[in-house]
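Enquirer: Line by line, the protein sequences give chains U and D.
Read in order, the letters of the first sequence are residues 1 to 311 in this note's numbering.
Read in order, the letters of the second sequence are residues 1001 to 1283 in this note's numbering.
These are calculated hints, taken from the structure and not from any lab test.
Do not rely on the hints blindly, as some may be mistaken.
Stated by the list, open to error - DSS-like mimics (lysine-lysine), calculated; alpha carbons at most 27 Å apart, straight line: (1) U:K139 with D:K1180; (2) D:K1182 with U:K267; (3) U:K267 with D:K1180.
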Amino acid sequence: MSNRGWSFAAAMVVLAFAWVTPAAAAPDGGFVEIAPGVHVRHGAVAGTTSENHGAIANLGFIVGTRAVAMIDSGGSVADGEAALAAIRQVTDKPVEWLIDTHMHPDHVFGNQVFKAVGATILGHRRLPAALAARADFYKQSMREQLGPALDDAVTVTLPDDTVADERRIDLGGRTILVKAWETAHTDNDLTVYDEATRTLFAGDLLFMEHCPVVDGSILGWLAQLPALTAIPAERVVPGHGPVSAPWPEALEPQARYLETLAADIRKAIAEGVPMAEAVPQAAASERDKWQLFDDYNPRNATAAYAELEWE
Amino acid sequence: MAATECTRTGARSRTALALAASFAMVLCSAGPGLAQTATSPEQAAAEAAGAWAELKPDLFGDKELIEGTDTVAIDAPKRATDPAVVPVTLSFDPKMDVRKVTLVIDENPSPVAATFEFAQGADIRELSTRVRVNAYTDIHAVAETGDGKLYVTKAFVKAAGGCAAPAAKDPEVAAREMGKMKIRAFETDDPGMHEAQLMIRHPNNSGLQKDQVTLLYIPAHFITDLQVDKGGKTLFTMTGGISISEDPSFRFRYGASDAGPFHAKASDTDGKAFEKTFDGVES
Chain U
1 MSNRGWSFAA
11 AMVVLAFAWV
21 TPAAAAPDGG
31 FVEIAPGVHV
41 RHGAVAGTTS
51 ENHGAIANLG
61 FIVGTRAVAM
71 IDSGGSVADG
81 EAALAAIRQV
91 TDKPVEWLID
101 THMHPDHVFG
111 NQVFKAVGAT
121 ILGHRRLPAA
131 LAARADFYKQ
141 SMREQLGPAL
151 DDAVTVTLPD
161 DTVADERRID
171 LGGRTILVKA
181 WETAHTDNDL
191 TVYDEATRTL
201 FAGDLLFMEH
211 CPVVDGSILG
221 WLAQLPALTA
231 IPAERVVPGH
241 GPVSAPWPEA
251 LEPQARYLET
261 LAADIRKAIA
271 EGVPMAEAVP
281 QAAASERDKW
291 QLFDDYNPRN
301 ATAAYAELEW
311 E
Chain D
1001 MAATECTRTG
1011 ARSRTALALA
1021 ASFAMVLCSA
1031 GPGLAQTATS
1041 PEQAAAEAAG
1051 AWAELKPDLF
1061 GDKELIEGTD
1071 TVAIDAPKRA
1081 TDPAVVPVTL
1091 SFDPKMDVRK
1101 VTLVIDENPS
1111 PVAATFEFAQ
1121 GADIRELSTR
1131 VRVNAYTDIH
1141 AVAETGDGKL
1151 YVTKAFVKAA
1161 GGCAAPAAKD
1171 PEVAAREMGK
1181 MKIRAFETDD
1191 PGMHEAQLMI
1201 RHPNNSGLQK
1211 DQVTLLYIPA
1221 HFITDLQVDK
1231 GGKTLFTMTG
1241 GISISEDPSF
1251 RFRYGASDAG
1261 PFHAKASDTD
1271 GKAFEKTFDG
1281 VES
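Isolated chain U (complex conformation):
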């Protein structure tokens, strides 16, 4: 371990003494401390409803000696406020950063809560354009799911700063690495890696239990799996699924799903089977392995067909 590594480790001992106990004793807002100074709230593996106020994505925050970084802001203002309250149960340090892992409403509809307390919102270089183009559509679509009151409270809030490649952020005593990926789950996916605890926040580049959603490029996603796997993390926080899982084994089911879907669609295209006939059969062998499969697999198959026929 480098000198810097040891100093992180030393800082972690301090952090552990200072904060593990209260966080573990009072996991406020459903946040649990999965590693020293790394807190995660489990999102329901479900669709957004007014009852769950959009709390369907895993949210996290990382506490340094000087500042806090929040990772994703939740699926509503209420969801974001609950997360901020949970941070305040743990520390009074300023939330300097809110990192949006990508554009989807369950990850960014609480943005304004963190902007209001002075956080700099950081996203992928393509996030501003992607979210801006979809803002009206998301607001309108989420209205039915969240209900008018919760949806009306949301002002779609764009990032203040963007990452084109990688950015290191010092939170005091620990550094997190924010990485921008090529098009995969969406065209604006970010991951956050906490070097001190070797914890990877994968955003929706990793789905567990919840059927993966392809809203970017299945080819791009498959092509980047080796680079994802190579991240020297010990554990991962998926965008959907458990709060923590061993890395890189956690990637295997999703890799199998994406490869199966691509193989089935490629075979249909090669045999001249039209889209309408190919979609209902695609990835059928994966059906019993995922929650919400029938809600997302047909759409993934449609997107995959439209993409793969240009190979």
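Based on these hints, arrange chain D on the given structure of chain U.
Expert: The following block gives chain D in isolation, referenced to the frame of chain U:
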């Protein structure tokens, strides 16, 4: 709001907004959003029926539209898996000499998706494309035969958000690849019939998405005209609108000679022209 912009007249905007709010699905992990409200699909369909009553005279005047024949048939999914990419297949009675077909998506902001004209002797039996569907809607196909008579059929599709839903999953790729064309040929079970698919890389932007920074609508940019020839003879032409999906695809089954190369020529709203002769085709 996009839903309001997506309507043709003020009178219909309330209905469209209610439909969009009731049934819109988000293209994300935010859930299937299938919660039903007081408006059932059947009620929505009943309300949607009004659109055709207005459209029919606008598009076809007082000409009779003959119903209940096999002249033209529509195959479309009852529920679309992705409202931005809804496959629709039109098939034609070979005895009827269909020369022109208009595809109308009643509840879309610009209801005429495309008009296809078939050349004499092309003998087009089947034509598939992919469309955006903005609300629970009837889809009408009106076929004109050589004697000038009009025949109509319809299908109902449950889908929402296709027009306002952003077209390009990756706009940078869409811009870079624009204008590429590809033809595939398929085996058929009938030696007198040939089948092929023309694909064109194009964002086919609907013009209904607002940029939150500028508060301006992103300009519509779509293929307006297309001509497909085989061996120097035209098979069909198309005039298209914003309802044709990104990366337009046309798969067609035809009885005309398959000698000679395919040739396709398309132009878009920016005045760009794309043209290609396909000496060899993929199968």
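Enquirer: It remains to establish, for every hint, whether it holds in the given structure.
Expert: Hints and how they fare:
1. U:K139 with D:K1180: Cα-Cα ~34 Å, so violated.
2. D:K1182 with U:K267: Holds, because 18 Å separates the two Cα atoms, which is no more than 27 Å.
3. U:K267 with D:K1180: holds (23 Å)
Going down the numbered hints, you'll see the structure goes against just number 1.
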